[in-house]
Every structure is written in C-alpha cells, then in structure tokens.
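Which chain is which? The protein sequence lines are A and B, in order.
So for the first sequence, this note's numbering puts the first residue at 2; every next one is plus one.
So for the second sequence, this note's numbering puts the first residue at 648; every next one is plus one.
One should not assume that every hint holds.
Claimed, not checked - Partial list, derived from the structure: chain A residues whose beta carbon lies under 10 Å from chain B:
| # | residue |
| --- | --- |
| 1 | Glu-75 |
| 2 | Ala-94 |
| 3 | Ser-98 |
| 4 | Asp-157 |
| 5 | Asp-185 |
| 6 | Ala-187 |
| 7 | Thr-192 |
| 8 | Ser-198 |
| 9 | Gly-207 |
| 10 | Glu-208 |
As the list claims (entries may be wrong) - Partial list, derived from the structure: chain A residues whose beta carbon lies under 10 Å from chain B:
| # | residue |
| --- | --- |
| 11 | Lys-80 |
| 12 | Arg-235 |
| 13 | Ser-252 |
| 14 | His-316 |
Keep in mind the hints are simulated off the structure, nothing from the lab.
The structure presented is a predicted model; accordingly, all values stated were derived computationally and were not measured.
The C-beta atom is built at its ideal place from N, Cα and C for all residues, glycine as well.
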Amino acid sequence: MKTKYLISVAGLCLGASAAMADVPELTVLTYDSFASEWGPGPAIKAGFETVCDCTVTYQIAIDGAAILSRLSLEGGATKVDVAVGLDSALTAAARASGFFAPSGVDEATDLPVAWNDDIFVPFDWGYFAFVADADTPAPDSLRELADSDLKVVIEDPRSSTPGLGLILWAKSAYGDGAGALWADMADNILTVTPGWSEAYGLFLNGEADAVLSYTTSPAYHIIAEGDAGKVAWRFDEGQYMQIEVAAALASSDAPGLARDFLRYLQSDAVQALIPTTNWMYPVRMPEGGLPTGFDDPAAVVKPLLMTEGEAAALHDTAIEEWRAALAR
Amino acid sequence: MARSARPLGPARGAAAVVALAITALFVAAIAMLAAQAQGAGRLGPADWAALRFTLWQALWSAGLSAGLAVPLARALARRRFWGRGALMLVMGAPFILPVIVAVLGLLAVFGRAGVLNVALGAMGLPPLAIYGFKGVVLAHVFFNLPLATRLILGGWASIPAERFRLAQSLRLPLFPHIERPMLRAVVPGAFVAVFLICLTSFAVALTLGGGPRATTIELAIYQAVRFDFDLGKAALLAALQFGICLIAASAMGLLPARDLRDGAMDRVVVRWDGQDTAARVTDALVILLAAVFLIAPLLAVAFSGLGGFGAMPAAIWPALGRTLAVALAAACIATGLALTLALRGGRLVAVAGHLPLAVSPFVLGMGLFLMLRLVVNPLPLALVITALANALAALPLAYRALAPEARAVRLAYGPLAASLAMPPAAQLRHLYLPRLRRPLGFALGLSAALSAGDLGIVALFANPGQETLPLLMYQLMGAYRMEAAGGVALLLLGLSLALFWLFDRGGRIDARG
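Using the sequences and the hints, build the whole thing.
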C-alpha cells in the first residue's frame, strides 16, 4: 500500500518536472524565515523570475547552520544550485567542504570591513547586540554587564549562530580574559536557549532584562508595531558582526543562472527589500537609504569580526571556555 | 504457565515483522549516519558530563512523575465529580503541545515575571528561581505527570469490580490485596515510559536548565550534526542513547508482569472504598493541586494566544488541513502497529514497542532522509515521512495503553477461544476489539494529538507549501511575530485537545467511566 503510494507520488513528481523541462529551474536552499511569506524570499523569487526566464524553487533548512549540514548529509549529490544564508562564522567549514564554486561576483559593498572572497557573496549583515527595554539601565560593555545585576537570555553557541557570535565577540574584545568574563557573567545569564526565537520569546514575555539579538531588532518594533520602547545596547569595546552570505554549488547544472542569482541578491531591488523583511542591514545601500526606524550602522565605531581562519581556529577552545565557566 | 494462553495465530507473525522492522529501522538510521561520517567519532569530557546530566534528570523526572501520579490516579479513580472528564482531557494537554509553547506557559506561572513570583513579591517574599536542575524536572513533570497518571489510572480501571466487591464483603484492606499488586504491575511501566521520554529532551532541558550545565545527549547530537559536521560523533552518541533505551526497556521486560484481569466479568467498577472524610479531603486536595499545576500554564497560553488570533496569516488554514491529515494518518499507523504488537504480547515485543521513545527524533529524521534518498527524492514526501515518524514516536504510548488490556483479554478468553477453535479474525472482532475500545480510543486520540502538536521532522524536509501548524508557528516566531505565533499556538492547543477528545470519547461510548 505504502510503497504504491510512494511510487505514485514519485511518478507525479517526475511527470511534473518533465512538463517544466523547457524552463530551466534554479533550486535555492535557504533557511525558513528567509523563504517564508514574511521574509524576502517570495519577492526575490518573483523579481528574479521576471529577468531570468527560469523557475526559482526554494528548499528550506531550519536555520543558517542547517544549510551546510543538509548539504553534507546529501554528500554533494544535491539538486541545489545556490545556498543562501550561510553565516560568516561558518564559511571556513563551508569552504573546506568543497561543495561551493567561485562566484564570479566581485562588486564593492558598503560593509564596514573589507570583504574579498571568491566564493561567498554577502547579501545582508548586522551587529549582534543585547536588546532591552528603553528604561532598563544600559551597561557600556560586556564587562560592565558581567558586573551588574542585570539578567540576560543568550543563545547556545553549540546550536545557534547568534550564540556563536557572542562567544567570538567576547574573544575578540577580551582575548585571554574571555574565560574570566564568562565566570563573572555566569550569574547574569538567566538561561541559554537553543535558538534565537526561544530567547526572543522569553525576553518579550518579561523573563529577562535583555536578550542577545541584533542592533536592528528595535527597528522591527518601531516599524511593524509602532513601539519605540526597545533599544539595542552599544558597547565601548565594539559590536561583533554577522555577515550572511550566499554561494553557488560546484555541482550545479546551471552555473550561469546561479551566478546571475548571486548578482541579483546584491541588486538594488533585493537590497531595498532586506531591511524590512530580514530585519538586517543591506550590504549595498539602496537608493532610498534605510527606512525610518533603522539606526545608521555607522553609529557603531568599532565593528568586530574575526577572519574565518581565526574564528575556525578559536571555535572549539572558545566554546569550551564558555561551557567550563558556566557549567561551574 | 498461565502464559500458555496463546496469542492470535496470524498476529504472531505480523507482530514479529513489526518488531523487527522497528528495530531494524533505528539501527539502520544510526548506521546511515555512521556510514556518512568521515571517521569514527570520539567523545570528550563534555559529552560524558552531558550523559550524566541526561540520566540524572531523566531519573528524577520519571521518579517524580510516576510517584506523584499514584495519589492523583487513585483520587481520580475513586471520585466522580462534575467536570472530571474535562479535567482529564485538559490535563493531557501539556504533553501534546509544542515544547516552546508549553515552556512559555510554564514560565508565565513559575518564571521570573510569572504569576507566582509576582504574588510572592506582593507579599514581600523572595522570588523563586525556576532556572536550573529543578526547572528542568518541574517542566518534565508538567509534561509527563498527565501521561503517567493516565497509564496508572488504566491499572485501576482494569481491576475488576468483583475484586472490590469481594474485598468489601470480606472486610479486607484494599491496598495490600488489590492496589499494591496492581501498582507493582503498572508503575514501573509508567516510570520507564517517562524516563525514556526525558532521555531525548533537548529544548526543555536547555531553556529551563539555565545554561550548559543542563546539556543533554540530544543537544550534543544536534551540535555534532549542525555545527561540527561530525556525523561519526553523532552516530556514536545516538548509539549510546539507543543502548540506554534498550537497557531501560529490557529492565522493564524483566519485571514480573502481573495478571490484571483474570476472573473479571467485564462489569463497570463501582467503588465503595475511600468514603470517609479524611480520604475525601485528601483526594480533593490532590486533584485540586494537580489541576492548578497543570492548567494554570495552559490558561496563560490561551490568554496570550487570544490577542494573536487576529494577527494570524491566511496560511494557517492550509497548514491546519495538512496538520490534521498528518495527525490522522499518524494516529492510524501508530495504533495499528501498537495493536499488532499488543495482540502478540511478550517481552521482546515489549522492548521493540518502547524503542522509538529513546531514539532521538533528530537522528531518526536524518536516518530516514539518508535512507529514502537511495530510492526516491525525499523532499516532496515531507508530509508522508512526518506522518510515519510521528506514528513511530507515538507508538510506544499507544502500545503501553493497549498491551496490558490485550494481555488481560488473552489470559481470560484465550483458552476458551482456543478450545472453540475460533478463527483469528473472529477472535479479533468478538473478543479483542470490543474489550479494547477504551484503550484503542485513547491510543488513537493520544497519537493524533501528539502528532498535531509536534514540530517533528517536518522541519528537516519541508519546503514552501508544506508547512504544518507547528512549523508555521516557528516561522512566525523567527520573523519576530510572537503575537501571531501565540495565536497559532492556541489554535494548535484547541486542535490537539479536540482530536484527543473525539477519539477518547469514541472509545468510551457505552463504557461508563
């Protein structure tokens, strides 16, 4: 019975793909909030299809980290042509996987740091920050937070990219002192969640004074909810960056389309979409600038970002340092 | 031996096939991961710490859930009051809610800004801190107390009315002669079921555990797959988890199984015991405390969801349809498999019936993905795979509900059926199905509800246009839309409860209590 059903479903799919064979298909693997109806995905699909004479199909992974794990599960034998939403902290692993091909895209960006990469094409970025209510007394640094009585929720660096970003932040700003910082911050960390959604949910429910999120988070509350009551704390030692990148698969049977899609991600049309769909900064300032409600990213004077080699080299020790200090 | 009552002939073969298939599936899932790995995995001190924490919290959670379920089940077994049915129904809800919804509900009561701490603060008392080991155990008891209670209540319901009547007329104390033997048969099963469920805990343990102290094996697997791309380590950890489950399930298989129902004449139980004031007051208190503990967080979920109802996107309706279809399919598959196993009975079957509880859903999902990829593109089949995986996840609970009663029927009527040379189909129709209606309804309801509320492995596969309600809820949360996500959570709560109520009710018609 079941086999019969599986076979008939498989038959339907074959039939369907044969019917569309004259129009090339571009399969894009991304994380689910990018492809969902609230993300930039649907508009990007529609926009690209008008210029490419192709069909864009999304496949979704749960989050940015899951994209690479899905590809490694598929062991290279994948239909995916482009992966969108890899995190700058994971590009070393992605490069080492050998799944990705040089992009052929080399346009200048407005990123506050130099970005020269033959494979990974940035399409949005943000600064990690603790987000709190405006009337909560704001500390000026991670150190001051550790010495305060404030309670924060953070994400686990072992299961979420913001969590990993915080670990690299502490390491960039405090170096060998990061272990001591974590030991002092242990009593400020109310709890650690598996991902961003759980952490942000706890914060909005009033469980914590602040949550590890992005400097762009308050813009969502201003623009979508008309609530100016949330602020992102700026720290003297700087804010750590997250750059979201896309890349073409080496195994793609439509490398030309894939390259066009990567270019399209940096186009004015897509970059203008990014702020109010993905709630991140565009990598190239769109013509109309940022929507009202967004802070000027230049307000952060010390952008922090490790090279992918540094991040990869420190990854295990930095997480272990964090774990050991908090597990005590 | 009294076990000479032979199981249904054809059922033996079918049960063996099902038991073998389940075991093979899980072994294959882990083997597929290992085969994909670049090398053998190695476990570090952090992994052993995670193992210790996992076992420790699971033991505590199971002990407390099973222990507290005894007085609660006893009180519910001997009291009839207005709203009892509704209470039993709503009590089951924590178990079937998406984890993050239940956690937020629990925190609305016990959290730092929760009702309890606000009240304590108003009285000038210091706040209670929920985060930490006790938070993890509290949440697991919240999830699993209702399940343990239902399983133990099934034990009470299976004591024939004649026994109570006999004890009453002989003026024998009930506990040592009737209740203790029953509890010895039922409580270990409830304990092991909860223990196994808590073994694969991940989000609850981490979120309420307050940090990396509360790292479980499941998180270590997740990390190995998602961030370290170390499939060898993931396979090793999954094998470890599987081994613990085998040991726990086997230990239960070795416990003396008691005959629950021999000599019963299928009458509805009328209780004469526990009518004095002290017993009444204790029972009332137990029920009241449990009701407040279990229902208050649900009220918080409902309350915060009401505001989000209007904000829900139109996509919820197709998602609702998909969720319903997956839930019904999963319920039928789970109950069918469980019935096949339960009709056969026996220790090996019992072990196989419990296996799915302690295989990480994450590992199962990836294993299925890798296996299916060999024959077909798994992505368009996301919903079919999800229904199958949800069915497997619900199988142990359906099996637990059916097994003791199927065994009782087998012991009571097996010899008679054999001497009449009743054909198996007739036995199933006339002996088993009518007597198993109550547990069948419960099993169907529970697996449907469980499947509806579970994010499950749909998240590993789903593509746009295949979202279920839980997945949609997570997408909304991921897009800052917490209010709308709350609305979806309330809708899910309603759907799960309705599914459970319909089936459970169907099983109870004509069978009072």
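- Task: Enumerate the violated hints, using their earlier numbering and listing them in ascending order.
- Result: Violated hints: 5, 12, 13; rest satisfied.
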